[in-house]
Each structure stands twice: as structure tokens, then as C-alpha cells.
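2 protein chains.
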Amino acid sequence: MKRQKRFILQENEIPTQWYNIQAEMPHKPQPLLNPQTREPLTAADLAHIFPTACAEQELDTTHPWIDIPEPVLEKYKYYRSTPLVRAYALEEALETPAHIYFKNESVNPLGSHKINSALPQCYYAKMEGTTNVTTETGAGQWGAALSYAAKVFGIEAAVYQVKISMQQKPYRSLMMRTFGAAVTGSPSMSTRAGKDIITQNPTHSGSLGTAISEAIELATTTPNCKYTLGSVLTHVSIHQSIIGLEAEKQMAMTGEYPDTIIACFGGGSNFGGIAFPFMRHIFSGKRHIEFIAAEPDSCPKLTRGEFRYDFGDEAGYTPLLPMYSLGHHFKPANIHAGGLRYHGAGTVVSQLLKDGYMRGVDIPQLESFQAGVIFARTEGIIPAPESSHAIAATIREALRCKETGEEKVILFNLSGHGLIDMTAYDQYLNGDLQNYSLSDEDIRKNLDED
Amino acid sequence: MKRQKRFILQENEIPTQWYNIQAEMPHKPQPLLNPQTREPLTAADLAHIFPTACAEQELDTTHPWIDIPEPVLEKYKYYRSTPLVRAYALEEALETPAHIYFKNESVNPLGSHKINSALPQCYYAKMEGTTNVTTETGAGQWGAALSYAAKVFGIEAAVYQVKISMQQKPYRSLMMRTFGAAVTGSPSMSTRAGKDIITQNPTHSGSLGTAISEAIELATTTPNCKYTLGSVLTHVSIHQSIIGLEAEKQMAMTGEYPDTIIACFGGGSNFGGIAFPFMRHIFSGKRHIEFIAAEPDSCPKLTRGEFRYDFGDEAGYTPLLPMYSLGHHFKPANIHAGGLRYHGAGTVVSQLLKDGYMRGVDIPQLESFQAGVIFARTEGIIPAPESSHAIAATIREALRCKETGEEKVILFNLSGHGLIDMTAYDQYLNGDLQNYSLSDEDIRKNLDED
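Protein sequences appear in the order of chains A and B. The opening position of the first sequence corresponds to residue 2 in our numbering, with each subsequent residue numbered one higher. The opening position of the second sequence corresponds to residue 2 in our numbering, with each subsequent residue numbered one higher.
For reference, chain A alone in the conformation it holds in the complex (with noise of 0.2 Å):
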């Protein structure tokens, strides 16, 4: 059977803009607030720890489209597109009349989307001359790209990953000494965020939360520094529109078009990455799409978390976001997929979500496995834990189609790879891993503290 699997833009077809969703929402995201004055923030208040750039595109509610510099296009051209591929090896041992097609970030030279949006983040901050970045990693594809990114354009990185992860992914926090960062486990002795959150539980295992607290106060004490993120913030989901403008392009090749769009959610980066691109066709009425982002149950914010003004980091460095929030005081699970492992949803997917344009689905720790174990054999690449909380959601749609009949065409994000997670898989493989539900009452308790 002669069919085409994988769908490759050339590069003069390689979108020169991002997409700025925030342009088009019928409703815009509530204003960031200053939590002394609880005073909306200006573009001016945040270029104190990002980039200009940055800061300004992420209050920019008035431009769709944003010009991709030419340097950072320049190195996009290195891995971009990333293939969008039809996964009937997949579809057929799932004997699902659904068409599923996978973009495959994964195989991105630092093996996840993380690039995307390191490298313009570094290119503003050495354009403005920044001599120094410094941000926070979970399962460290952050921190990876960021390392690498610095390093392109001339800046020193300094990450801060969190304990936990670095202690499960020792290969990634290598990664970043190759590219020649400085990488340190969070919480850390190094900073006075670090310090309080040890003395107050000395045992801490670290989370995204904390991570953050420390980068930011790394930034906001030391000169030349400015702080960069792999997620959560949307000028990080604008630069991650590059999945979703390619995948449009390339399903046009396929002379299909997606009915249903899955991404796995941590902060929101590669769930915005493929679904805002085609979101715009539902805000002006011309198609109808399914959004799904698959959280892990977990950590539920999307499902079972509160719409309300929460800090973005465990010490309350940010800004107060408007945000679906499990309390910025949540400790998640100790689940592989790190990168899942944060309490709040990014502003434009919190305001999304109570508009009703996208769902959350929750996806079990065992289920996620399951479902990256299916794909690994089926597809031959092992997915990362994180992108394996996706290809569960899309299994879960697949089998649905089998039950109906529905020949639906299911597109979902494989955010990333998950070679330097193979202790996580040894661990499933041997029936060593868990699920961690949340009760009710574990989730009230979480809000009512904040």
C-alpha cells in the first residue's frame, strides 16, 4: 500500500510570522496585576526581568501577526518543518476508523518544541545586551534549549531544574553542561526563595513553582541578567504558533483537515503551539475543531481547578495572573512527566477554557505509559512522559471512533522525545509505578491555604 506518511514543508514555505492569539479572542485575558497595587502591568513593568521584546508581545492584544527576526528564522530553517506524519501503524493496532496525524516536534535536534522559543527569547535578550539569562526546567527540555539557544547567540545560561527531576533525568542536566549552562537542583541553597522554601520543608522535592521563584530572584538581583520561560506566558505561546502555522500547511497536503486537536498541558506552550493557529478559524466561524489538552490527574488545573488571580511561582515573585490555579502552594506528585507538573494554566488557555472553546481531559500516570509504550512499538519512537499524556487522550478518541464508526481526523502534538526518560519506562516495564489521584478534599485544601 503506497500512501504518504510524513508531510515536510520546504523551506521558502516555513512561516515568517507567529500568530497572536490574544488579537483575536472574542474575550481578552484579565490583566496581569502588581500584587502590592494590584495595578495592571505595562509592558514597561515586565521588561524588568524579560526581554523588551518579550514584555511587550505579552500584552500585545492588538497585532495577529508578529515578524519572526530573520536570525532566529535562520535557525528554525536548521530542523524546521518538523514532519507532520500519519500514524497508521498506530490507527491500525488500535483498529480505530479514526485518520490520526502527529506533528513530530520530537525530533527537533534538542528533542522537543522547547527550541522554538528559546531561541527568540535569547536572540531579544542579546539584542538588547544581555550578557546573562537565567530560568527555571522540570523535566529539563527547557532548560536543554535554553542552554543551547545562549549559547548560539553568546549569552550565559543559568537554569535552575527541579530537584526532583534532575535526580530522575540526570542525562538532561547534562545536556545543559554540554551546551555549557551552569544548571543548579531546586530549592536551592543559592537564593533567598530557595533558603525559606528548605527551611520551611527541608525534604522538598522541587516543582516548577519553586524553580521559578529562585531564576527570578537570580534576575532581579543580578546586573545584565534577564529571566526567560518555557512556558505558561503567552509571548511563549506565540512563539510556539510555528507548530500550529506549519501543521496547517501540512494537513493541507493531506487533503484532510483535523477535527479534533490534542497536546498534552503543563503551562500551555505546546498545547497553544499546535491549537491557537487553528483556533483562529473557530473564532471566525469558518470551521469547527475540537481542542483537548491532557493534564495528568495528578495535577488537574484545567478540570478541577479554580478560575481566580494566583502567582505564577511558589515564593510570589510574578505578577498575579489570571489563571485556572490548584494554589500556587501545590505540590504536585512526583510523576515522570515533569514538565506537567505545574499548578496553574497560562492566561489565554485559562480564559479559553471559561469561554468553552477547549476541554481538559485528565490522563492517570499508568494510562499515559501504557499509551507510550503502544506508541513506541507501533510508531518506533518513545515518546517523552509528557507528550505520552497526548497520544493517551488521542487512544482514548481513537477507540471512541472504533465504537462509532467515526472516521475522525485526530491531530495531536508530539511535543518530545523520551530517550533520556527510559529509567521512567524500566520503572513502568517492572510495575513500579503508581497513579496519584486527587481527592476533593486534597484540592480544597490546596485553594483554601493560597
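Treat the hints loosely; a few may be bogus.
One copy or two, it doesn't matter: identical chains are merged, so the pair holds either way.
[As the list claims (entries may be wrong)] Derived lysine-lysine pairs resembling PhoX-like cross-links, with alpha carbons at most 25 Å apart:
| id | residue 1 | residue 2 |
| --- | --- | --- |
| 1 | K409 | K250 |
| 2 | K409 | K78 |
| 3 | K6 | K127 |
| 4 | K355 | K78 |
| 5 | K250 | K6 |
| 6 | K250 | K78 |
| 7 | K6 | K403 |
| 8 | K287 | K29 |
| 9 | K6 | K29 |
| 10 | K78 | K6 |
| 11 | K6 | K196 |
Bear in mind the hints are in silico, worked out from the structure with no lab data behind them.
Guided by the hints, dock chain B onto chain A, whose structure is given.
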């Protein structure tokens, strides 16, 4: 600067035939011999351990072109063509006038070129009714590829992995398990050959030679089980010719033609893969290209070995092969480039070396890692320690061009990525690695003992 960086073939441009260099070599390789009778082996003899089609390809000196079976070609199309990439960032870092291109086999879902031959070997095995395949693996690139290919075609895989490599790279045996294969460290107590080796040397750290002995013993003592291998033999380099055939079309897209082609060298599969299709233009006198095989200086069969009939394995189960060899009892140092720890060169390469069509260069371990880190920090891809030998040889050539001012076009094969080898990079960055150069006495002693 807008310059095309990646060159990718459309699905309908992917070659549909492999190239069999044996049909066009000026001097054919000498025959494989039965060690008892010293009579040349026939394809029927080889088919006792190999799939019949592989056995026939092994001895085929008449057909330069062999059709790729449709089901194999269909599987190739999930990841082929791999990109041909111009390494502008590396060129700039080296300040060389040379133009450096690399064929990026590391973006295969299995992380190396090995899948190119694993797929046809498992396909042929399945077609003749085999239910089980067995093999050896060093660093585990081949074992991982075979484990997945066996799963694709619905047969069981048993892999003997070199013990030291299994310890150095635990993630890759976990990959094999994730694909559903059974993995055993070699030498093991599960075969007569393994027991003999352990009895003589209880701390033997294993080599490709010991693992081959064990895998062949398992295949010959198990009903309905065939032996497969990832390098050395000619049918493997026939399958790998897809690399060079694609690269030839991709170089045409660049408007340039390689002056020098470089690949790392263990048994010869990735070297033959990229080099042999280009070499036919040397035989025909149409082109002049320099071919360089980069081997570790701790296992220098090309530059310091002896051309002789020798066994391919430690225990002496294989046919006698006409090869450049360090002696089949040669125990290579524990360098991290496990895939290059093999005592002999394949029969075709040995003949080509003898006839002056190519040359070997010896790379010390530290130089290979230095090259790997330079490549990672410029091109963003952390290379396999094996591939770093090709990068080191490329850097040598590029720096030579810097001295002479030559604008040479250099093409090398990036056979795989090094994400599973991060502990090796860690040791290198910590200054904990060393070189293992050999004295003439060391080499002479091994050759005389055999």
C-alpha cells in the same frame, strides 16, 4: 544571510533500489571460507544462520542494483529521506573555507542509521517463516533498531549486548526492553561460548566478538531462529547504501559535489552506507573523491591491522573472512564508542583499502569527545561517541583547509545521536576520560597469538 541549510527528498524521490558495490569493484573480495574445509562458502551454507535473501546478497557479485522490498520501502518512508545539512555554524566556529555537509541519520526514530538494515533483515526473516531473531549489539544502536524492526514484522528478538556497553549505557538496553526484546549482557552464562569466555577470564567486559559468538550459538541451537547483524557483512552495507544514494541526490540539490567523504568505522556499515554509492563514480573514472574511515586509535585495524583470513567473532563460530584484522582475540579498550570496538573490517572495505580506494585515520578518545562537544555547541546535536570520530576527522580536514585556503567540500555521515551517552560526556567534561593508544608490541602480540 538566507542560505538553504537542509536538503530533504520528496517521498517519490527516495531510492527504490540498494547499491551492491561487489558487482562493480575492480577486484572482488576474496571468498568467505569454511574454517574446517577451507572451501569457499555458498549462499546455501550461509542461509543456515542468515535469512536466505541476506545470504544471497552477501555473495552476489553480479547485480549492482537490488530492489528494496515494498514493505521495507514503506517503512523507510516514515523517516526517510534523512536531511542533508550544511554545517554553517561549525564552519564558522572553525573559520574554515571548507564547505561541510553532514547526512543526519540521527533523526531516525531509533537514533541511528542501524534501522536501515534492521528493517529488511527482519522482513526477510519473517517472509521465510522465521519466528525468532537473535543478534549482538555494542553500544546498543543496532540492538535497539533490531528490537523495533522485529516488533514491526511480528517476530521475537533476543539481543546479546556487550557487557561493558550495557553498564555504560543502561538506557539503551531499556529502549530494547521497551520495544519488547529480551536483552542479555555478553559474555553470559547462557551459552557455551559465553561460559568458556567467562571461565578463562571471569572479569571479561565483553566485545562485539564475544556477543556475536553467543548470538550465533543461540541461532544455531534454536529451531526457527535466524541470526542478524548490524555491520561487518556485505548485505548490511548493501541495505545501508540508501544513505549514500540519498546523499548523492541531495548533494545535487546543493549544486556542489563532495571532494572528501568521511564516516566513522566499526565494522563498516555506516561507512559503506555513505561511501559505496559514491565510489562507483571512482571506479568508472568519472570523479575523484577521497574516502576517509575514522576509527579509534585504540582499535586501529585499518591503519595497523593485517590483511588475513580471520574469524569474525571471539569463539571462532563464523566463517573465515578475508579482512584487515587485529586478531579475533583482540580485546579493545573500554572506550565509550562501543560500536567501534571491533577487531576487523568487512571484506569489501578490506579489499578497497588494499586497492587504495580509501584510507583510515586513527582518532584518540579525547579528540573524539572534544569534536563532539564542538559539534553540539555549534549545530545543537549531541553526537554519538562513534559519530564523533567522523566529526574529529572532519575537523582535521577543515583545519587543514584553513591552512591551505582550499574550499574543499566535505561530506560526513552523522550516524547517530549521543543522548544515551550523556554519562560519557559528563566524564569527558569532568576530565575523567583518557586515551588508550597502542604500542606496536601490543598489536604484534595479538596478531601473533591468533
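Status of each hint after checking the structure:
In this assembly of identical chains, the alpha carbons of K409 and K250 lie at most 25 Å apart only when taken from the same copy (19 Å versus 38 Å across copies). Proximity of K409 to K78 under the C-alpha cut-off of 25 Å is restricted to the inter-copy arrangement: shortest distance 24 Å between copies versus 32 Å within a copy. Taking identical chains as interchangeable, the C-alpha atoms of K6 and K127 lie at most 25 Å apart only when they sit on different chains, with a minimum of 23 Å there against 39 Å within one chain. Taking identical chains as interchangeable, the C-alpha atoms of K355 and K78 are never at most 25 Å apart, the minima being 36 Å within one chain and 42 Å between chains.
Within a single copy, K250 and K6 get their C-alpha atoms as close as 15 Å, and across copies as close as 21 Å, so both meet the 25 Å cut-off. Proximity of K250 to K78 under the C-alpha cut-off of 25 Å is found in both arrangements, the shortest distances being 16 Å within a copy and 20 Å between copies. Only within a single protomer do K6 and K403 lie at most 25 Å apart by alpha-carbon distance; the minimum there is 22 Å, versus 43 Å between protomers. Taking identical chains as interchangeable, the C-alpha atoms of K287 and K29 lie at most 25 Å apart only when both belong to the same chain, with a minimum of 20 Å there against 66 Å between chains.
In this assembly of identical chains, K6 and K29 lie within 25 Å of each other by CA distance neither inside one copy nor across copies; the values are 38 Å within and 39 Å between. Both within a single protomer and between protomers do K78 and K6 lie at most 25 Å apart by alpha-carbon distance, with minima of 21 Å and 7 Å respectively. When the C-alpha separation of K6 and K196 is checked against a cutoff of 25 Å, the pair qualifies neither within a copy, at 52 Å, nor between copies, at 47 Å.
Consistency note: the structure conflicts with the earlier hints numbered 4, 9 and 11.
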